[in-house]
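This is what each chain is made of:
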Amino acid sequence: MSLRRLQAELSHRLAGALALLVLFFSIAWVLIRALGLFGGTGNLPQFIVVTLNGITLAGLYFIVASGFTLIFGLMRVVNMAHGSLYLLGGYLAFRLVQQQALNYWLALVLAAIAIGVVGLLMQQIFLRWNQGQDLRQALITIALSVVLADQMIPLFGAEAVTTTPPSGLGGSIGLGISGVRYPTFRLVVLGLALLIGFGLWFGIKNTRFGMIIRAGVDDRAMTSALGINVQLVFAVTFFIGALLAGLGGVLGGTMIALAPGQDASFLLSSLVVVIVGGMGSLAGAVIGALALGLVDQLSGVYLPTGYTNFSILLTFALLVFVLAVRPTGLFGRR
Amino acid sequence: MKLTGLAGWLWLKRIGLAGVGVIVVLVPQLFSTFTASAIGLQTLVLGIAAASLIFLNAVVGMVSLAQTALYGIAGYTVAKLAVEQGVDPWVAALIAVLITVVVALLFGALASRSEGIYFLMITLASAVIAYYFFSQVSAFGSHEGINGVAPPALLGKPFVDPTGMYYTALICSLLLYGLIVYVRRTPFGYALQGVRDEPVRMRTLGFNVPMLRMAAFGFGALIASIAGVLLVWYNSNVSPGAIDLTRTIDLLTIAVIGGLGRIEGAWIGALLFTIVQTYSPQYTDRFETLIGLTFLAVVLASPGGLAGIAIGLDRWVRRRLGEGLERHGPGQGRADAG
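If you read the sequences in order, they're chains L and X. The first sequence: position 183 = 183 (this note's numbering), numbered continuously. The second sequence: position 298 = 1298 (this note's numbering), numbered continuously.
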């Protein structure tokens, strides 16, 4: 073994050890401050709420990012308009619920399907004929996102809006631990995220279509050569991926808010989730979403006083650490 | 005298280029203060920023969307040093460029282990994070940014009399263009082009590919940071709005419209972008839509951008004019032999 390889191996190990150390230290730091160990004043209810905020946010991130990673995994298309689809889905449901007084769940389904169709059209018109030119496809979706973002301002306004949650879910429920109450709808989002995650995992693992997707991820040319209509599979996958973005938008528009700029922020979260978790991996998306959601929420509260507005740097640190240890993400393959 | 067509075309091209050169040099004298400042100066500055993006793509094959973040780092450094510490603008500019290059090398050390579309995603994520960072941290003025940055006395006030600033930007543009062309022809430049075309082979030949990518990224940051310094002097302020996602995409649009493969394309794209940006509000409120559609049209129709179209046109004309010559040449030879 040459000295150079030894050196590379060592520095790689060192980076891994360092990342683990930082992870351990961060968890210890948060726990010490939250539980008031070593003489500090803890605040358990706050810790529970912040952690739940992180986990429910992770649920939302997962719904959006799973669509992104599904499309990328199969087609190698980086859909830069994913954030725009998210925002458009949210706005559609907002209109349906607030102005047409439609039932929330019906609006959710309609908006999600509409966004799926928008995504499908996008793929059929702009992306189908230049398969394999990944940079060009990314540029095309960037251009589309610019147009969509700019057209949404006159259509839906520049003010932040929130969709009213369905009746009965707008309040909060007691958790039974030190009297903590928590918004019901956020827990519903988490439940839906789990359902979607399980559904995708089951579908990919056990159905014929899922088998074709797995085969396509591994070897597109061979799958096509076996007589499978790859174009149809691509179209359906893009539809599902876009639909998930739209669904996330509806839920996010109720859980957080809708405003211009949210498209960029959800594109960012999808990118970070798949870079951290590994492109095209569902399990990676779960881990990535959890890491991002928790870092997001915990850093806002548990960073030393005076440094809380540096919390975005921790998201960057997360990205950097994962890239240092595994350039292809935690679950990524070369 | 079959040569006249081709020679005429070449002369026409030379005269055209010389004419463009004269106009570019005389912009402050020929045009109004507004045009020289809003179109001329802005084109040069945005052109430099776009050149850093095009350099990375054309020479090393890395599409970086972090260039706005990098010029933001330079801009914020120069603004903070000049306004809060009272540092001389030139010294502040030098420090800003140095800091940006160091940051880029550190970041490049990590990001350059990824390739292609992964690299694009990582740089985009970092660019958006940089935007959030500058808009949240109060030491950098949060949403307001830092105002009242005075350019060096030598350059005057860009809005009152853009002459000094214009020539500074022009000299910077020419020097950086020359530098890029020069670097391309050094062994380092050839190694970078090798990395672009055959990274695996380069690795096998014993080149340190990540190191080369990192160095190239640092060089790109040098170009971007100069654009950042000029931009802050020109606007006399820096704010998160100057580095948000829209700006990142604007810069990408400039590079794509100009041509991702040709360095000259940076300034061509910047000129078109600036003209549309300045004059479109008279006709439409939806400037970004217009830019997005132009961007889309260029990507769909001509991935080489305007520079690609110009070169294609030149080749086409030369082939048309040259073809007569070629057909004539061998024919004559055969006749002689017969």
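The set of hints was computed from the structure by calculation and includes no laboratory data. Don't take each hint at face value.
Said to hold, decoys possible - Coverage of chain L stretches by chain X, computed from C-beta distances (three or more under 8 Å per stretch; other residues unrestricted):
no., region
1, 19-25
2, 195-205
3, 269-280
4, 319-332
Said to hold, decoys possible - So these bits of chain X aren't anywhere near chain L, every CB distance computed over 10 Å:
no., residue
5, G1005
6, G1019
7, A1125
8, V1128
9, N1237
10, T1246
Since the model is a prediction, treat every value here as computed from it, not as a measurement. Note that the Cβ used here is the ideal one computed from N, Cα and C, for glycine as well.
Going down the list of hints, with the structure as the test:
Interface restraint, the region 19-25 of chain L with chain X: violated (0 residues with C-beta to C-beta distance below 8 Å; minimum three). Requiring three or more residues with a Cβ within less than 8 Å of a Cβ of chain X, the coverage given for the region 195-205 of chain L is violated, as only 0 such residues are present. Counting residues of the region 269-280 of chain L whose beta carbon lies closer than 8 Å to any beta carbon of chain X gives 5, which meets the minimum of three for the stated coverage. Closer than 8 Å: that is the beta-carbon criterion, and the region 319-332 of chain L has 6 residues meeting it against chain X, so the requirement of 3 holds.
The beta carbon of G1005(X) sits about 36 Å from the closest Cβ of chain L, which is more than 10 Å, so the claim that it is off the interface holds. G1019(X), annotated as away from the interface, keeps every beta carbon of chain L farther than 10 Å; the closest lies near 33 Å. Non-interface status of A1125(X) relative to chain L is broken: a Cβ of that chain comes within 10 Å, the nearest being about 4 Å off. In this structure V1128(X) is not separated from chain L by more than 10 Å, as the shortest Cβ-Cβ distance comes to only about 4 Å.
Listed as outside the interface, N1237(X) is consistent with that label: its C-beta sits roughly 21 Å from the nearest C-beta of chain L, beyond the 10 Å cut-off. With a cut of 10 Å on Cβ distances, T1246(X) falls inside the contact zone with chain L, its closest approach being about 8 Å.
Hint check: violations occur at hints 1, 2, 7, 8, 10; the rest are consistent with the structure.
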